[in-house]
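Please construct the entire structure, taking both the sequences and the accompanying hints into account.
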Amino acid sequence: VPTIRTARPRWAIAVIAALGVALVANAASFGSIEDRIFTSWRAIAPTGADTVERSSFAMGRYGVYFALGEYAPRSEFVTSSDFRGNVRVRLYGLARAESIRVVPFDSVSIANELSIDEHIVSEGFYADDRGWYQLAIADGEPATIVHLELAQFEWLLVDARLLPSEVREELAP
Amino acid sequence: VIVEFVMGLSLLLSGYLALTAMGVTSRRVLAGFSVIVGAAIHILLGSMQAIASLQTFPVATILLSVLLPTIALLVRNRVGRAVRVNVPTLVLSAVAVSLVVATFSIAERINFHVDTFEYLSIGLVLTSGTFLEGVSIFQLEKRMLALPVLHAPSSLVNENYLSALTPLLAVACLVALGTIIHAGLRPRFAHGAWPLTVALLACFLLLSINRFVFHAFYLNGHLLFATLLLGLVGVSWLARRRSAVLEGVNVTAVQAVLVSAFILTRPEAGLVAVLALAPALLDASRSLRARSWLLIAMGSTMTVWQVFLIIIAYAVGSEATRPMLGMLALAVLLFVAIPVLHWHWLSAESSRLLVVAELGLWAALVVLALRRPTVFLESAYATWQNIISDGGSWGPAFVLLLIIGVIVVTVVRTQKRIDVRFTLTTFVPLVYILAFLRDAAYRVAEADSLNRMVIQLVPVLILLIASAADPDSRLFWRREGDAQKGSDALDPQSARSP
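If you read the sequences in order, they're chains A and B.
Per this note's numbering, residue 140 is the first one in the first sequence, and the count goes up by one each step.
Per this note's numbering, residue 40 is the first one in the second sequence, and the count goes up by one each step.
Simulated from the structure, these hints should not be mistaken for lab results.
All values derive from a computational prediction rather than experimental measurement.
Careful: at least some of the hints might be erroneous.
Derived, one-sided and incomplete: chain A residues facing chain B with beta-carbon distance under 7 Å [unchecked claim]:
{"id": "1", "residue": "P148"}
{"id": "2", "residue": "W150"}
{"id": "3", "residue": "V154"}
{"id": "4", "residue": "I155"}
{"id": "5", "residue": "A156"}
{"id": "6", "residue": "A157"}
{"id": "7", "residue": "L158"}
{"id": "8", "residue": "A161"}
{"id": "9", "residue": "L162"}
{"id": "10", "residue": "A164"}
{"id": "11", "residue": "N165"}
{"id": "12", "residue": "A166"}
{"id": "13", "residue": "S168"}
{"id": "14", "residue": "F169"}
Footprint (simulated), chain A over chain B, 3 or more residues, beta carbon under 8 Å [unchecked claim]:
{"id": "15", "stretch": "240–249"}
{"id": "16", "stretch": "431–443"}
{"id": "17", "stretch": "505–514"}
Now the in silico label distances, taken between C-beta atoms and shown as ranges [what the hints assert, rightly or not]:
{"id": "18", "chain 1": "B", "residue 1": "L235", "chain 2": "A", "residue 2": "V163", "range": "17 to 25 Å"}
{"id": "19", "chain 1": "A", "residue 1": "G159", "chain 2": "B", "residue 2": "L514", "range": "19 to 27 Å"}
{"id": "20", "chain 1": "B", "residue 1": "H230", "chain 2": "A", "residue 2": "V163", "range": "18 to 26 Å"}
{"id": "21", "chain 1": "B", "residue 1": "L327", "chain 2": "A", "residue 2": "A156", "range": "37 to 45 Å"}
{"id": "22", "chain 1": "A", "residue 1": "G159", "chain 2": "B", "residue 2": "R517", "range": "19 to 27 Å"}
{"id": "23", "chain 1": "A", "residue 1": "G159", "chain 2": "B", "residue 2": "L409", "range": "37 to 45 Å"}
{"id": "24", "chain 1": "A", "residue 1": "G159", "chain 2": "B", "residue 2": "A396", "range": "33 to 41 Å"}
{"id": "25", "chain 1": "B", "residue 1": "G119", "chain 2": "A", "residue 2": "G159", "range": "42 to 50 Å"}
{"id": "26", "chain 1": "A", "residue 1": "A156", "chain 2": "B", "residue 2": "A354", "range": "56 to 64 Å"}
Ideal Cβ positions, reconstructed from N, Cα and C, are used throughout, including at glycine.
Here's what the structure looks like:
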């Protein structure tokens, strides 16, 4: 490819101008939305606090992970009712382990009898104005809706029936 | 922090040694591409461990990712033209990587949303020794292995991710973009200030985009996808321009490594890889052997991955999904295409074939949109809201880039940019077709899939715009040969071969 000896390469000047305009426009608007980089989806500054046992993470196949933050509510997920088993919610290892409870949507104080389908959909939760997180699970009838009490940033929800026995024992109340 | 350093430096060293073994001697290419190629090698080795049902030991992955390029280098020096490791550049690059890692390890800032946990959970079962028992086929098909494998070393210190890794990839993306633009344009200018200015402005422009900074901290595969795609397309662009920085370089090997890792980043990556490399595969100036190897690299990766998914699916009592079978069929087609490359008319008619392929994608989109207008209209509305009305936090960035990009594509004719242009203009119909394939429209939200996928093509879009700085560019309605006159050549006979 030949070298072009030019004093004023028009196309380079045009491209520099175009890139420059876009750069200035971006830079000018960046300040107004810069907070959206770290706050919209909540940045975590790990505190090195407790993490739950790593063994529980091995159940990714049966677990659902949740994060706080803005997420569009989707209420169409319902669960099949062919299984009732113990469900435990464990804190995912990114933040502090504080109070986490699972309660049914109607606030009946049963934390561990939920209808869970293997194909849990991990989307479809939102916080109401009391800071409760609603989860609607999988497909089928009747709908099972679960509230997860707001504690920290994220949780692991495990279908305990499907866990290896040693982990099940560990998780047992 | 130690693991972060080890990982960052191992990516650099692995890529540096591999590129040297592939014949790269250009210091800027070594500095600009090493982390990207190192990440690709790490992804491939980690994924191979998982697919082979071996427990993924992050230490083993790190060691292998350095050891194998070292062996490749030794073998090359024994049987081929000897190459030496450029130690000063390696040391300087290591210092730069260390600074980046130190800065972002201390900052400990990340972004996440629900998808992040899917990736991290795969990473956790990957290193727990219960991969096949613990992993979900639903997760694996959608999230794949690239990102979990890269973050797997965090398990060595009982963490779930490496906080400096994504920022390091973002810096690597910026450096690669500057390197590609400068290396491609530099030989065309007598004065080095012009290409340098274009390259620097392009980098600063990318850095000024709110969503790029967001993705630089976001634990997801989008930026990794963007970076590998930039590397892949950038190498094609430089190769087509006969860039001096690729002289004596085994370009096929570089691209084979990049594309194989790229395919493992996201579900749509296989389709994008085929489209991004289509111009190179039809380029008669590349040897048949080289093009065949690219097809083999893509076909093998896709076949192994999809067969692995299908085996897992049946093992857990599920069955192969349509996307699995579709991608497997595509992989078979890639192998079938190897003998087809011998048909000379393919290369002779490459321009027309690419036009037909692109029109085919648009036609498919039109048919799908007519059959299910709601999905298309909702997706189009969401795109408008997210990008034009700033529902997706892009600010004016993407609109401006899009306007400039459309002008560059429709009004400016620049030679040898087909690899860049084709990747971009086929990406547009492809992402909307994906909405139909996944059976759900895109939506108005920052977290919308398409809104996040947009970053995947932004670096390539900036490369396209920068490529128009070539002095031989001309307006579409001007005849060939007018360009140099329009460039105010000092010396009418000054055009020379470098």
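The hints, checked one at a time:
no. : hint                        : in the structure
1   : P148                        : 5 Å, holds
2   : W150                        : 4 Å, holds
3   : V154                        : 4 Å, holds
4   : I155                        : 6 Å, holds
5   : A156                        : 10 Å, violated
6   : A157                        : 5 Å, holds
7   : L158                        : 4 Å, holds
8   : A161                        : 4 Å, holds
9   : L162                        : 5 Å, holds
10  : A164                        : 5 Å, holds
11  : N165                        : 4 Å, holds
12  : A166                        : 5 Å, holds
13  : S168                        : 4 Å, holds
14  : F169                        : 6 Å, holds
15  : 240–249                     : holds (count 7)
16  : 431–443                     : holds (count 7)
17  : 505–514                     : holds (count 7)
18  : B:L235 - A:V163: 17 to 25 Å : 19 Å, holds
19  : A:G159 - B:L514: 19 to 27 Å : 21 Å, holds
20  : B:H230 - A:V163: 18 to 26 Å : 24 Å, holds
21  : B:L327 - A:A156: 37 to 45 Å : 43 Å, holds
22  : A:G159 - B:R517: 19 to 27 Å : 25 Å, holds
23  : A:G159 - B:L409: 37 to 45 Å : 42 Å, holds
24  : A:G159 - B:A396: 33 to 41 Å : 35 Å, holds
25  : B:G119 - A:G159: 42 to 50 Å : 45 Å, holds
26  : A:A156 - B:A354: 56 to 64 Å : 58 Å, holds
Comparing the model with each numbered hint stated earlier shows that hint 5 is the single one that does not hold.
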